Amino acid sequence: MREDQTMSKFSLITKGLVKENPVFVLVLGMCPTLATTTSAMNGLMMGLATTFVLILSNIVISLIAPRVPDKVRIPVYIVVIATFVTVLQLLMQAYLPSVYETLGLFIPLIVVNCIVLGRAEAFANKNTMGDSALDGIGIGLGFTLALTVIGLVREILGSGSIFGLKFIEGDGILAFVMAPGAFIALGYLMVLFNKFVAKK
Amino acid sequence: MEYILIIISAIFVNNILLSQFLGICPFLGVSNKLNTAVGMSGAVCFVITLATVVTYLINQYVLVPFGLTFLQTISFILVIAALVQMVEIVLKKISPSLYQALGIFLPLITTNCAVLGVAINVVSKEFSFGGEAHMLNLGEATVYALATALGYGLAMCLFAGIREHLSMNDVPKPFKGLPIALITAGIMAMAFLGFSGIV
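From first to last, the protein sequence lines are chains A and B. Residue 1 is where the first sequence starts when you use the working numbering, and the numbers rise one by one after that. Residue 1001 is where the second sequence starts when you use the working numbering, and the numbers rise one by one after that.
It is possible that part of the hints are untrue.
[Claimed, not checked] In silico DSS-like cross-links for lysine-lysine, where the CA-CA straight-line distance does not exceed 27 Å:
id : chain 1 : residue 1 : chain 2 : residue 2
1  : A       : Lys71     : B       : Lys1093
2  : B       : Lys1125   : B       : Lys1033
3  : B       : Lys1033   : A       : Lys71
4  : B       : Lys1173   : A       : Lys199
5  : B       : Lys1173   : A       : Lys19
6  : A       : Lys195    : B       : Lys1092
7  : A       : Lys166    : A       : Lys19
8  : A       : Lys199    : B       : Lys1092
9  : A       : Lys15     : B       : Lys1092
10 : A       : Lys19     : A       : Lys126
11 : A       : Lys195    : A       : Lys15
12 : B       : Lys1093   : A       : Lys19
13 : A       : Lys15     : B       : Lys1033
[As the list claims (entries may be wrong)] If you want a taste of the chain B side facing chain A, the calculated C-beta under 10 Å gives, among others:
id : residue
14 : Leu1028
15 : Asn1032
16 : Thr1036
17 : Ile1074
18 : Phe1076
19 : Ala1101
20 : Thr1110
21 : Gly1177
22 : Leu1178
23 : Ala1185
24 : Ala1191
Since the hints were derived computationally from the structure, they do not count as laboratory data. For clarity, every value in this text was computed on a predicted model and none was experimentally measured. Ideal Cβ placement from N, Cα and C applies to all residues, glycine included.
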């Protein structure tokens, strides 16, 4: 019994990585996925920022959900999420101004990221606080992993570097750090994911 | 002259979908059929323009004078949600047929990041169209929002047209559905890249 419970807690964290990966399987949060993955570092930072909001909003929503009338639940959830996004904005402006500058608009846009509201609606409002926090960590890490992988691919092809360390001279295939490369890289990564991981 | 530059830049050069990546969810979600895509872009056009004007005024006359700009995100999203609700009620009364046609898309627009994105961009970024970089005034902001929304509609309808044809073709299994749509969008974005340098 005991072991069973620890197993299920563990699976709450791991399911977000592959089985319910928010980007490759659920296809949520496409805007930041495409826009901020110009390098592996940017993708990683964006993923961590979203994870921060996701965990905290999941915890608060799981606590207040039983008291919120059904009709107004979506506006209430959005206000909770927007509050944590504002906290994140102020923290990043204070401690990581350069990262905040690069990610720009996409930090306030975490408010309308479907992953955050989706988890509130699908998980946090009917589970305990602990489970919701773990779910936030799991889905957040899955999102971070996906963004980092896409960022890594685009950075290698587009500017010939890994996490900022250059391994070729001059430029890479510039299209990959620009807009078209985002769509194409994500498209082909999804093909690989379908073929080898999901075995479709 | 400047208005023309704003319009061309917002529709073609900095297309909101294909170069700014705002509002991708409905772009991939409802672009299977051309007529739903037209309905969705119509609704989005309307809400983006209205929301930008309202949030611009709120920012200018409430948030800035009282030093509350840190509340931008939270107040804008509430305004947008209220606005969408209001548009829904008004439309139901005035034009039931249009309301029927847009039906499910209207409430979804609240969480469309294109709306919040344009609203935040307009009040926080400096734009330069040929001349010096400056903050937009109300007239320019309105034109910018409308043109951006038209760009959204253009990209969405073109993409839906392509996808309608794509669905009839024999696509390799792992490419089926979203991956091939993304690659198509990438090629479209490459075509739109050709506009850069006009403004």
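Which of the listed hints are not met by the structure?
Hints 2, 3, 6, 7, 8, 9, 12, 13, 15, 16 and 19 not satisfied by this model.
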